[in-house]
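Engineer: Protein sequence lines, in the order shown, are assigned to chains A and B. Under our numbering, the first residue of the first sequence carries the number 1, and numbering increases by one thereafter. Under our numbering, the first residue of the second sequence carries the number 1001, and numbering increases by one thereafter.
Treat the hints as calculated values from the structure; they're not laboratory data. Built from N, CA and C at the ideal position, the CB exists for glycine as well. Take these hints with a grain of salt, some might be off.
[Claimed, not checked] Distance condition first, Cα-Cα at most 25 Å in a straight line; then the derived PhoX-like pairs of lysine-lysine:
#, chain 1, residue 1, chain 2, residue 2
1, A, Lys15, B, Lys1495
2, B, Lys1495, A, Lys19
3, B, Lys1408, A, Lys8
4, B, Lys1408, A, Lys15
5, B, Lys1428, B, Lys1478
6, A, Lys19, B, Lys1246
7, A, Lys15, B, Lys1224
[What the hints assert, rightly or not] Okay, the calculated bits of chain A under chain B, using three or more residues with CB under 8 Å as the criterion:
#, region
8, 3 to 9
9, 25 to 34
[What the hints assert, rightly or not] Below, a sample of chain B positions facing chain A; criterion: calculated Cβ distance under 8 Å:
#, residue
10, Thr1081
11, Ile1164
12, Ser1402
13, Gly1486
14, Gly1524
So you can see what is in the structure, the chains are spelled out below.
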Amino acid sequence: MSLPALPKDFSGDFKPVAKYSAAIKRPVEPVGQYFLAHATRTLRGHTWSEYEK
Amino acid sequence: MVAIGIAFGNSTSSISVTKDGKVDVIANPDGDRFIPSALSYVGDDEYHGAQALAQLVRNPKSTVVNFRDFIGLPFAKVDPTYSQHSAHPVDVKGKVGYEINGKTVTVEEIAERHLKSIKLAAEDYIGQEVEGAVITVPTDFTDAQKETLTKVSESAGLKVLQLINEPTSALLAHLSAKEELLNDKIFVVADFGGIRSDAAVIAVRGGVLTVLSTAHDYNLGGDKLDDSLADFFAKEFQKKYKSDPKKTAKSLAKLKSACIITKKTLSNVQTSTISIDSLADGYDFHTSINRLRFELVGRQIFSKMASFVESVVTKAGLETLDIDEVLLVGGSSNIPKLASNVQFIFPESTVVQAPSLDSKLDNPNELTSKGAALQASMIESFDAEEIAESLQPVVVNTFHVSKPIGIKNAKGEFIQIISRETAYPIRKTITLEASADDILVELYEGKRTIKETVIEAEKYSDDEDSEEEEPEIVKELKYVPGELLGQLAVRGAGKGNKVEVIVNITRDGKLQITARSGAVVVKGEVQSA
Ligand SMILES: Nc1ncnc2c1ncn2[C@@H]1O[C@H](COP(=O)(O)OP(=O)(O)OP(=O)(O)O)[C@@H](O)[C@H]1O
Ligand SMILES: [Mg+2]
């Protein structure tokens, strides 16, 4: 899979165009190891890389 | 702490334990893995499980069944329908109790005795004291019911480490066994039990589960099938002997208990015999039934079950096409006809998980307690504060993206990076190839479309009906680039080189996109509406 070529007239590095759709607040199910990682991330502000090791 | 997983149903309860990373449903000393949630008091004796259930024929008034849903509910709120042929619920100071052999017993005491037997059965098997448990509850259990169950379990000597939702537990067990927790999918978990049916649509995103909708039917389950079989056999008996086996409580109880065995047998084999000595007026009853006949007898119930599954999908605002898999759970999900009816309402792209459709699957009634045991083994080393901390609203109530987010590839297709319903915070990475030295990364929201392909029916010249065959329309769910969110230029990536695209959404909803190719790194940020 590949990424398209940059148009010649594109200036700058990044152009924000629109906001993404509003998120929905729902409870996640507090089970399993990935929830636990989510909880620890939220509570202790751990970074992702600590969990990706 | 030694902790077990318990599925506590109105009809049956089961116990799971983990050992060396393996999880198993264990048998109680009677040899039952699906232990009837029943207690019976005869003289000075207390019977539990299958032994208690057997007392329904002789001692129905001192036998308590189908009580799980009454725990923690005010008397005014309970529906005694399923206590008709056993001890009746009575009002005990506004709560539910039973009059047994002249003594009043509360439903909490019954539940405590039940859990005590469960604890002893587990200890008998493990050979060690069991101190804690994760217990599953239906998704509609009220806070008061949960509090009461926790209290009751603790009086039975089982500390509740956590109460978890039944469908979530079943799905956790299923996905853990298949090592598929990290595959983003949308599931329907449909649980067909004895007296009720429950279903939930659950999104699995990065191993985190979120319930999108739930449905409950308190009048649908295996018991209804038992009743229709009993009616069917009663007619046959009546015709033969001019005697009604439903006229006395005792003959009805005998007939029903035989029907349950017959029904279960028909899940495994094509025909089953039924034989009841002295069913009514001194006549014995011996007959047989095949699976097809049973499917006809229960036809209405089976189609209700299928529509029930459809209803939970609609409640989530989805179509059957959006569902990746249906996981059938509960004792009644052993029935092949139920599985095939459910399969029928879903498109071919939806996989229905049931033992009759995939022989590698275990009994669908094992999953709920297995998930609880997995959770128990994960948290048994934590102290209560740590567990409570992880259950705080700030942790559990999380934002979820409402539309998928991805990029457009060189062919103009939408490549999804973040699935809809993924909980914040999120970080996902994909790697693509640069089609030119300088490339463009366009961040899009995916737009849901349905692609229809018409497959012409094959015509056989010698088949008279071939003219009437309608062409089949196969629908396929496809996401295409929708709203453009931002554009990122990666200059000097180098044609043919790998480009890593990282999309990150922080806890407070800031979306960051990073594209990296070798030493070239470009970043951008998009806000939430
Ligand atoms: N092999 C089988 N084939 C058909 N039906 C079965 C089979 N095994 C169990 N059942 C039925 O499953 C039902 C019990 O299911 P389950 O144990 O999941 O119920 P539960 O969750 O305890 O009860 P409830 O839904 O009433 O709260 C009973 O009606 C029983 O007859
Ligand atoms: Mg159940």
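Engineer: So, for every hint listed, does it hold in this structure?
Structural biologist: Do the hints match the structure? See the list:
no., hint, result
1, Lys15(A) / Lys1495(B), "holds, 23 Å"
2, Lys1495(B) / Lys19(A), "violated, 31 Å"
3, Lys1408(B) / Lys8(A), "holds, 18 Å"
4, Lys1408(B) / Lys15(A), "holds, 15 Å"
5, Lys1428(B) / Lys1478(B), "holds, 21 Å"
6, Lys19(A) / Lys1246(B), "violated, 67 Å"
7, Lys15(A) / Lys1224(B), "violated, 61 Å"
8, 3 to 9, "holds (count 5)"
9, 25 to 34, "holds (count 10)"
10, Thr1081, "violated, 30 Å"
11, Ile1164, "holds, 5 Å"
12, Ser1402, "holds, 5 Å"
13, Gly1486, "holds, 5 Å"
14, Gly1524, "holds, 3 Å"
Taken one by one, the earlier hints fail for this structure at numbers 2, 6, 7 and 10, listed in ascending order.
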